[in-house]
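Protein chains: 2
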Amino acid sequence: MAGADIDVFVREVRFNGDGLVAVVAVDDKRGDVLMMAWMNEEAVRRTLQSGDVHYWSRSRGTLWRKGETSGQTQTLKSMAIDCDGDTLLVRVEQKGVACHTGRRTCFYREWREGKLVITHEVEVAPDTLYGKK
Amino acid sequence: MAGADIDVFVREVRFNGDGLVAVVAVDDKRGDVLMMAWMNEEAVRRTLQSGDVHYWSRSRGTLWRKGETSGQTQTLKSMAIDCDGDTLLVRVEQKGVACHTGRRTCFYREWREGKLVITHEVEVAPDTLYGKK
Chain A
0 MAGADIDVFV REVRFNGDGL VAVVAVDDKR GDVLMMAWMN EEAVRRTLQS GDVHYWSRSR
60 GTLWRKGETS GQTQTLKSMA IDCDGDTLLV RVEQKGVACH TGRRTCFYRE WREGKLVITH
120 EVEVAPDTLY GKK
Chain B
0 MAGADIDVFV REVRFNGDGL VAVVAVDDKR GDVLMMAWMN EEAVRRTLQS GDVHYWSRSR
60 GTLWRKGETS GQTQTLKSMA IDCDGDTLLV RVEQKGVACH TGRRTCFYRE WREGKLVITH
120 EVEVAPDTLY GKK
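Those protein sequence lines, which keep their order, are chains A and B.
Residue numbering for the first sequence follows numbering that gives the first Met the number 0, starting at 0 and increasing by one per position.
Residue numbering for the second sequence follows numbering that gives the first Met the number 0, starting at 0 and increasing by one per position.
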């Protein structure tokens, strides 16, 4: 996608005081929410340019192409923006699992009748994802 | 739900420096993302206690029962928490529309081929929602 086009989009984004916008990632096929993360302006631009979803890691303070270490990449299918411009909704083709715990979604714990219940099991061992084995 | 049970849940939430946790609200029937907002600890507790979804309004600096002015309430169907505890995912029964613009979702603008396209039309006039008419 051309840079001038992307400028049009970026102008609609209301980055917060840290220069970040919240991003909700949804599995394009199944429609369920996989994760919530953050993008800075460069991550938004690289995602739209390349089709590979990039985020800003607040803990590491670096730009991060999803899956660059784990191989669990996200290919952008669509990007929407909310009414006040401070949250993006990306629909993605998720390769493998979205969560660093090896589950398909980060939202694998649900509150049921006074208890936190595990709703999604580990599909890939985290050690495999991060090259410790 | 009993207070002691809710304590168990609240201990899992990693509130940010402002005492807030991000919340993604999904329509329980259709499965689509309606909005992203924030809860403080009291909003989490009131939501779990009452079944009426409460948020913290960052712009107004107040606790806010969704729909208290507009009538467009959210009834909690389930609450999940992500791997690092800083985002909640609520499935809700949305009465009417979630967005203050009168659309069913706040994510009504999608990026398509270099343009922002309106994907959801206004269902209820905002003036009706907020009592100006």
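Calculated from the structure, these hints are not laboratory results.
Model, not experiment: these values are computed from the prediction.
Possibly wrong hints are sitting among the right ones.
Since the list can't tell identical chains apart, any single copy or any two copies may satisfy a pair.
Unchecked claim - Straight-line Cα separation of at most 27 Å, DSS-like style, residue types lysine-lysine; simulated pairs: (1) Lys76 / Lys28; (2) Lys114 / Lys76; (3) Lys76 / Lys94; (4) Lys28 / Lys114.
Each hint tested on the structure:
1. Lys76 / Lys28: Classified as both; 10 Å inside a copy, 23 Å across copies.
2. Lys114 / Lys76: Intra 35 Å, inter 15 Å, cutoff 27 Å: inter-copy only.
3. Lys76 / Lys94: This pair counts as within: shortest intra-copy Cα distance 13 Å, inter-copy 29 Å.
4. Lys28 / Lys114: Between copies only: 23 Å across, 30 Å inside.
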